[in-house]
Amino acid sequence: MDDNQEFLQSDYVDVIGSQDYTHLRQGLSSYLSLLQVLIQSRYDEILLTGFGHTIFLTAFQVPLVPQLPCTRKRQLADSAIFRGLSSTERNLDRRLTASFRLYSYSPTHIPDIYPFILHLIAHSTIMPVVVDIPSPASTAPVQPINESKPTNTRRRKWKWILIGIAITILVGAAILTPILILRPAKVPRILAAFENNSNRTLGMWDTDLAASEPNSFKRLRKQWGLESLWKEETRNVQEWKAKDGLGNSWVNA
Amino acid sequence: MGECLTGYQLNFFLIGLSGSTFMFTANETFIIKSIDREFEWNYFWDHMMKDYVQYMRSEKDSLLTKITAAYHATTNTPIDLSSHFMAMLNVAHGPLFKKSSPWDLKPSYFSVEKDLLKQTGGGLAEDITGHFIMLPASAKRRVMTQLVRDTAFLEKHEILDYSLFIARSDEFSPSELMEEPYRSTNGTVYRLAILDIFYSGKATFAKGVRTLTKITHVPALTITADPADYRRRFLEATDKAILVDDSPEFRLSDFKDFAEQ
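Protein chains in written order, with the numbering used here: chain W, 658 to 910; chain E, 40 to 300.
Hints are not guaranteed to be accurate.
[Said to hold, decoys possible] Partial pick of chain E residues on the chain W-facing surface, computed with a CB cut under 7 Å:
| hint | residue |
| --- | --- |
| 1 | 68 |
| 2 | 105 |
| 3 | 107 |
| 4 | 108 |
| 5 | 248 |
| 6 | 283 |
[Stated by the list, open to error] Interface residues of chain E toward chain W, partial, derived using beta-carbon atoms under 8 Å:
| hint | residue |
| --- | --- |
| 7 | 92 |
| 8 | 96 |
| 9 | 106 |
| 10 | 109 |
| 11 | 127 |
| 12 | 128 |
[To be verified] Here are the computed lysine-lysine pairs in the DSSO-like style, where the Cα-Cα straight-line distance is at most 27 Å:
| hint | chain 1 | residue 1 | chain 2 | residue 2 |
| --- | --- | --- | --- | --- |
| 13 | E | 137 | E | 279 |
| 14 | E | 89 | W | 879 |
| 15 | E | 246 | E | 89 |
| 16 | E | 279 | W | 875 |
| 17 | W | 875 | E | 99 |
What the hints contain is simulated information worked out from the structure, not anything from laboratory work.
Virtual Cβ for every residue (Gly too), placed ideally from N, Cα, C.
Let the sequences and hints guide you as you build the complete structure.
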């Protein structure tokens with residue numbers, strides 16, 4: 658008989674039937690009733706069944722929690738339960754006066770009992786702690802979630818992973834934005850703007866510069882024997898064809 | 040051969056490494072290139088334009104890219120989309136150059152640039168054995184003479200990052216060959232042009248980049264190099280890229296005006 662089975666068969670474990678699971682889902686009043694049961698109970702730990710998995714609630718006596726060192730309180734606040742909570746909800750840990758431990762056979766089911774846990778926090782002076790234990794059929798040792806690995810280490814690792822991802826995204830965006838968004842859109846839109854304005858022709862573009870540097874290019878074109886070819890080529894801006902920065906063809910903008 | 044070259048094969052319609060967009064007139068005689076870096080446009084227009092026109096009028100055989108027009112395009116859109124464009128002669132226009140790929144030769148600097156070229160799909164010039172220019176000694180002398188003059192003009196304006204565009208064709212008929220200044224004895228025609236002549240080290244932005252790389256001890260890049268050093272490497276790279284097919288080895292030091300630099 659392993660420790661789990663021994664625990665289940667011990668005198669201080671009471672089994673509340675599956676109807677209590679229904680109660681848990683029926684609303685806050687049910688939770689409150691359950692809490693009253695827990696608090697008034699002569700039992701320190703209560704076994705809840707009917708969740709599809711099994712949950713233990715262990716009620717610590719009120720005087721125990723204040724004796725916990727600060728680091729232990731922070732660990733509680735950083736436990737698996739709180740990772741899914743907002744900062745406002747996290748602040749509720751100041752109300753710690755007692756602690757429950759919830760044992761679940763399946764950590765994947767923990768989100769199912771979040772409403773209940775939140776209620777415990779909000780409507781009582783109880784600090785619940787989720788601890789994962791294996792099924793009684795399993796020979797794996799009991800391994801509390803918040804004690805399997807130092808929580809701070811896990812958080813630190815994830816923090817750096819997230820920072821790395823964020824930096825990668827920012828650098829990537831800084832590089833790709835001008836290429837993917839601004840420039841490919843810019844040139845076609847400029848040409849489109851010209852095309853849509855009948856007063857703007859290729860020759861008109863040139864006049865902006867011709868005012869400050871009259872006929873410089875024209876003289877060069879003549880010198881190079883390109884003037885007639887130039888006129889032929891630029892006769893109609895709509896004949897221009899181009900490819901944008903991504904290599905996509907666009908004609909007539 | 041080609042150790043100091045990092046030229047890359049140009050995909051005719053793809054974007055250049057500078058990020059510019061290239062457009063072509065209907066029969067591809069002219070290229071319209073966007074000048075996306077504002078400081079490049081400002082420097083050229085404010086400080087280099089008159090010199091360029093004067094130089095190109097006096098140097099009729101110059102290999103500098105032939106700029107035929109410049110545009111400041113603006114729109115009426117709420118966001119300023121104004122941009123600048125330069126129209127240039129496409130020296131490789133025409134059906135005779137359709138079959139071969141042009142090459143862009145520039146001196147090698149920081150190895151990261153080589154990696155960048157490879158990542159963008161470009162082929163390094165040093166990988167194209169057998170595709171280097173083969174000219175008679177007299178033609179190579181003319182090319183190098185002109186390049187020495189042209190790069191001196193560019194150095195005066197501290198222009199960096201320029202490259203030698205090379206297009207070749209074996210399709211020319213004997214009569215057409217005679218009109219081409221740079222042709223090999225076996226009938227290959229080469230068209231050459233110095234491209235990307237807009238990045239000036241005199242521009243404030245470029246000065247900032249150069250200072251930053253000095254502070255951070257980043258090895259010299261093509262845009263942070265000393266203009267004289269860039270010119271020297273450019274000419275040496277070109278000298279190695281052009282082989283002489285009918286005379287003893289050609290020496291760059293033969294040119295007095297360059298050797299005195």
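Here is what the structure says about each hint:
1. With its C-beta approaching chain W no nearer than about 5 Å, residue 68 of chain E sits inside the 7 Å limit, and its interface hint holds.
2. A hinted interface residue such as residue 105 of chain E counts as satisfied when its beta carbon comes closer than 7 Å to some beta carbon of chain W; here the least separation is about 6 Å, so the hint holds.
3. The interface hint given for residue 107 of chain E holds, since its Cβ lies 5 Å from the closest Cβ of chain W, which is under the 7 Å cut-off.
4. A hinted interface residue such as residue 108 of chain E counts as satisfied when its beta carbon comes closer than 7 Å to some beta carbon of chain W; here the least separation is about 5 Å, so the hint holds.
5. The beta carbon of residue 248 of chain E is not positioned within 7 Å of any beta carbon in chain W (closest approach about 16 Å), and the interface hint is therefore violated.
6. Interface restraint check: residue 283 of chain E against chain W, minimum CB-CB distance 29 Å, threshold 7 Å, status violated.
7. For residue 92 of chain E, the shortest C-beta to C-beta distance to chain W is roughly 5 Å, which falls under 8 Å, so the interface hint holds.
8. Satisfaction of the interface hint for residue 96 of chain E is found here, the shortest Cβ-Cβ separation to chain W being roughly 6 Å, below the 8 Å cut-off.
9. At a threshold of 8 Å, the smallest CB-CB gap from residue 106 of chain E to chain W is about 7 Å, leaving the interface hint in force.
10. Contact between residue 109 of chain E and chain W, as hinted, is supported at the beta carbon level, the nearest pair being about 5 Å apart and thus within 8 Å.
11. Hint status for residue 127 of chain E: violated, given a least beta-carbon distance of 11 Å to chain W, over 8 Å.
12. Evaluation of the residue 128 of chain E hint against chain W yields a held restraint, the C-beta minimum of about 7 Å falling below 8 Å.
13. Of the pairs offered as hints, the one joining residue 137 of chain E and residue 279 of chain E holds, with about 26 Å between alpha carbons and a cut-off of 27 Å not exceeded.
14. Proximity of residue 89 of chain E to residue 879 of chain W is assessed by CA-CA distance (about 17 Å); at most 27 Å being required, the pair is judged to hold.
15. Proposed proximity of residue 246 of chain E and residue 89 of chain E is supported: the alpha carbons are some 23 Å apart, at most 27 Å.
16. Between residue 279 of chain E and residue 875 of chain W the alpha-carbon distance is near 37 Å, which puts this suggested pair outside the 27 Å criterion.
17. The straight-line distance between the Cα atoms of residue 875 of chain W and residue 99 of chain E is roughly 15 Å, inside the 27 Å bound, and the hint therefore holds.
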